[in-house]
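*Asks:* Residues per chain, in single letters:
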Amino acid sequence: MNRVFINGIASISAQEDAVVENGNVALYSENNIAALDKNYKSIIAPMMLRRMSKAVKMGLWTSLNALKEAKIEIPQNIIFGTGKGCLQDTEKFLVQMLDSREGLLSPTSFIQSTHNTIGGQIALHLKCNAYNMTYSQNSNSFETAILDAMMKIGSGESENALVGGVEENADIITDFENFDGQLKQEKISNLVLLNSTTSGTIIAESAHAFVFTSKPNKAYAELLDVEIRLNCELENLNSWIFQFLDTYKLTSKDIGFVIMGNNGDARYDNYYKALQDSIFKETPQIAYKHLVGENNSISSYALWLASQIFKLNKISEVFKLNDIDMVNPKYALIYNQYLGKNHSLILLENA
Amino acid sequence: MKGIAVTGMGVISSIGHHLSENLEALSSSKSGISFPEILQTTHTHLPVGEIKFNNTELSEILNLPKTQAYTRAALLGTFAVKELLKNLGWEKFPEETGFISGTSVGGIDATEKHFKQYAANSENNRFIQAQHPGFTTEKIAEYFELNSVVTNISTACSSSANAILVGARMIQCGRLKRVIVGGTDCLTKFTLNGFNSLKILSSNPCKPFDDRRDGLNLGEAAAYLMLEADDLVQNKPIARISGFGNANDAFHQTASSQNGEGAFLAMEKALKIAGLEKSQIDYINAHGTGTLNNDLSESMAIQRFFGEDIPLFSSTKAYTGHTLGAAGALEAIFSILSISENKIFPNLNFAEAMQETGYSPVSIIRKANLRHVLSNSLGFGGNCTSLIFSKDE
Chain A
1 MNRVFINGIA SISAQEDAVV ENGNVALYSE NNIAALDKNY KSIIAPMMLR
51 RMSKAVKMGL WTSLNALKEA KIEIPQNIIF GTGKGCLQDT EKFLVQMLDS
101 REGLLSPTSF IQSTHNTIGG QIALHLKCNA YNMTYSQNSN SFETAILDAM
151 MKIGSGESEN ALVGGVEENA DIITDFENFD GQLKQEKISN LVLLNSTTSG
201 TIIAESAHAF VFTSKPNKAY AELLDVEIRL NCELENLNSW IFQFLDTYKL
251 TSKDIGFVIM GNNGDARYDN YYKALQDSIF KETPQIAYKH LVGENNSISS
301 YALWLASQIF KLNKISEVFK LNDIDMVNPK YALIYNQYLG KNHSLILLEN
351 A
Chain B
1 MKGIAVTGMG VISSIGHHLS ENLEALSSSK SGISFPEILQ TTHTHLPVGE
51 IKFNNTELSE ILNLPKTQAY TRAALLGTFA VKELLKNLGW EKFPEETGFI
101 SGTSVGGIDA TEKHFKQYAA NSENNRFIQA QHPGFTTEKI AEYFELNSVV
151 TNISTACSSS ANAILVGARM IQCGRLKRVI VGGTDCLTKF TLNGFNSLKI
201 LSSNPCKPFD DRRDGLNLGE AAAYLMLEAD DLVQNKPIAR ISGFGNANDA
251 FHQTASSQNG EGAFLAMEKA LKIAGLEKSQ IDYINAHGTG TLNNDLSESM
301 AIQRFFGEDI PLFSSTKAYT GHTLGAAGAL EAIFSILSIS ENKIFPNLNF
351 AEAMQETGYS PVSIIRKANL RHVLSNSLGF GGNCTSLIFS KDE
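So the sequence lines, in the order shown, correspond to chains A and B.
In terms of the UniProt record's numbering, the first sequence is residues 1 to 351.
In terms of the UniProt record's numbering, the second sequence is residues 1 to 393.
Cβ pair distances, simulated, as ranges:
hint	chain 1	residue 1	chain 2	residue 2	range
1	A	Asn-39	B	Glu-57	50 to 58 Å
2	B	Thr-41	A	Thr-108	15 to 23 Å
3	B	Glu-57	A	Asn-217	55 to 63 Å
4	B	Asn-259	A	Gly-156	24 to 32 Å
5	A	Asn-39	B	Ile-61	49 to 57 Å
6	B	Lys-92	A	Asn-39	52 to 60 Å
7	A	Gly-156	B	Ser-279	25 to 33 Å
8	A	Leu-194	B	Asp-231	43 to 51 Å
9	B	Lys-92	A	Trp-240	19 to 27 Å
10	A	Arg-50	B	Cys-173	41 to 49 Å
Dumping the calculated EDC-like pairs for lysine to aspartate or glutamate here, alpha-carbon to alpha-carbon at most 16 Å:
hint	chain 1	residue 1	chain 2	residue 2
11	B	Lys-177	B	Glu-95
12	A	Lys-341	B	Glu-145
13	A	Lys-273	A	Glu-233
14	B	Lys-391	B	Glu-341
15	B	Lys-113	A	Glu-91
16	B	Lys-113	A	Glu-102
17	B	Lys-82	B	Glu-142
18	B	Lys-116	A	Glu-91
19	B	Lys-86	B	Glu-21
20	B	Lys-343	B	Glu-24
21	B	Lys-116	A	Asp-180
22	A	Lys-320	A	Glu-21
23	A	Lys-311	A	Glu-349
24	A	Lys-320	A	Glu-282
25	A	Lys-249	A	Glu-349
26	A	Lys-330	A	Asp-225
27	A	Lys-314	A	Asp-17
28	B	Lys-199	A	Glu-102
29	A	Lys-341	B	Glu-142
30	A	Lys-330	A	Glu-349
31	B	Lys-116	A	Asp-99
32	B	Lys-116	A	Asp-175
33	B	Lys-269	A	Glu-157
34	B	Lys-272	A	Glu-157
35	B	Lys-113	A	Asp-99
36	B	Lys-2	B	Asp-230
37	B	Lys-177	B	Glu-96
38	A	Lys-215	A	Glu-159
39	B	Lys-116	A	Glu-102
40	A	Lys-341	A	Glu-233
Derived by calculation from the structure, the hints in this document are not laboratory data.
Every residue gets a Cβ at the ideal spot worked out from N, C-alpha and C, and that includes glycine.
With the hints as constraints, model all of the structure from the sequences given.
*Replies:* Right, here's the structure in full:
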């Protein structure tokens, strides 16, 4: 099996990149948060930009930046995860169709509504004929993209892959999540989100892209493995993690820092708390969703964060869930789930 | 390569609720195209490949509680996987069976139905999450207590072809030993109006590869295959997946390039993995939707790839309509039926060869000993996938 390294990385979220080091947090109290805007014009022609939805814009911007950093022009694979896809164009077409009672419609938003519009537009922009895949599996969308890329590079079939996770919000469809318990009903400062005792969370937009390569170069980290499960009973969580780590002859004590997906939803944060209080009690614990919000591909922020932590060998206090100091971490574990489903584990090693 | 063993199949489409009914219709040139009766649309003049069970009927067949949150794609998908289970002769799927499903729009049928009704305390709120493709896949997985790798691919009209490709790769590299692959998509107002706004729906039964073709018919289906690693295979495999390839046309969001570059590259990759010569492909189950653009572009790709000796080919879309995300898996099953029955199912409604190519598809049922069959699926976003199915020898 060939090894898989993370080389280029790029992020768009509700926080500035520098928050990892300086802890200057953008504060929010609403439950639906837009991603911070980037200078898209700097790398995408204005005429192209006008036609792009936010998801496509963010996906392309992060992809181009990650490729640039990895010094790769045309990737051998383009693999994306997006649980909700091009929500804005979907909503636009749906509203027009319903309001006109199936009248005469413009096809523009329909043709951009498919989940693979992001990967397709990146291919179009790069004139890249390579393997192009889009996974849309709730909070395991990005994880399956990682898994696919690891198979491509691990098997020796490819030397690199562009891998990303993108989610945008839409006005009406995202707002529906207020009605089914997904979003918090009270205003809450994002800084205290993780202490919340109520149900629901806050949702935000984000996009992340990574270049995985078979050669270490100046890698941020080495990807050892990823595993996904649809359901996992709370009492089986520890044994799943033990089994996963044991494949690499590791125990929880070898993990230099663990990144948890706590999102302030009191109904489901017990999965994370169970780990915090047991096998990772003595491990530096890091959380991020109080800063960048929840979404189906937000674990891509966790992978970006882990990459940064390995590179910087430090992390701002605002991410820490406990007081244990991080000392030259060798391995990192990312655990995530959403509404108690679509659980994932990602294991990384300092490159 | 020897190829990944296909050990079971389950399917529901407008030409049949079971595998045997689908085979019967294919063999007797019986199309499933009708006018919409279940789908509530104002476009009642547009022919569709509709499955004539409503959601309540499907829900009752599957013994689901009244409070279920299964969208139509989830109902059809569950129905087809249940068929697969029955055809395998198993009580339930063994632990560690993976599930990879493809769907293009997932549960948008629920969103378009309840869009104006979602509000605090509405009883329909259980469908809010159901819009998203992964939810459809979860519902099917939970019905069968599948809890290993459960994931969903959404690459428009090549979704389930890609699910087959990824599942085969997972077996090949040892990530999984057993995986259900395929896909499901139902008729929705969203897609019917979408394709209508693109002006590529025909108001007649579609005529793939015909010179006077004037668009596609939408359809709905769910189709799933069981793939197993060789050390688990107990009975002789129905067929093997010997090659697979995905490439991007990188030309336009919806239209295919004139020379069909994406399809060309996908076929090339699939053949290379299979280790086959071009001349060994006995038949192509083409994507052949019946639109001006697709059929020309795909023909060009086939012509460029195969040169003088073009294999026999046909599109089965005139039977079922274009079932979008389910099409790849549906046609994978049709391709495998072709191999096991030694029959090429005809391209219905064909009369006159395209002027640009002069090629005629197989238009009446034809006996043939088929060892290797190529199946193409081409989607929005330039997504092109080719699969090769081979006789288990």
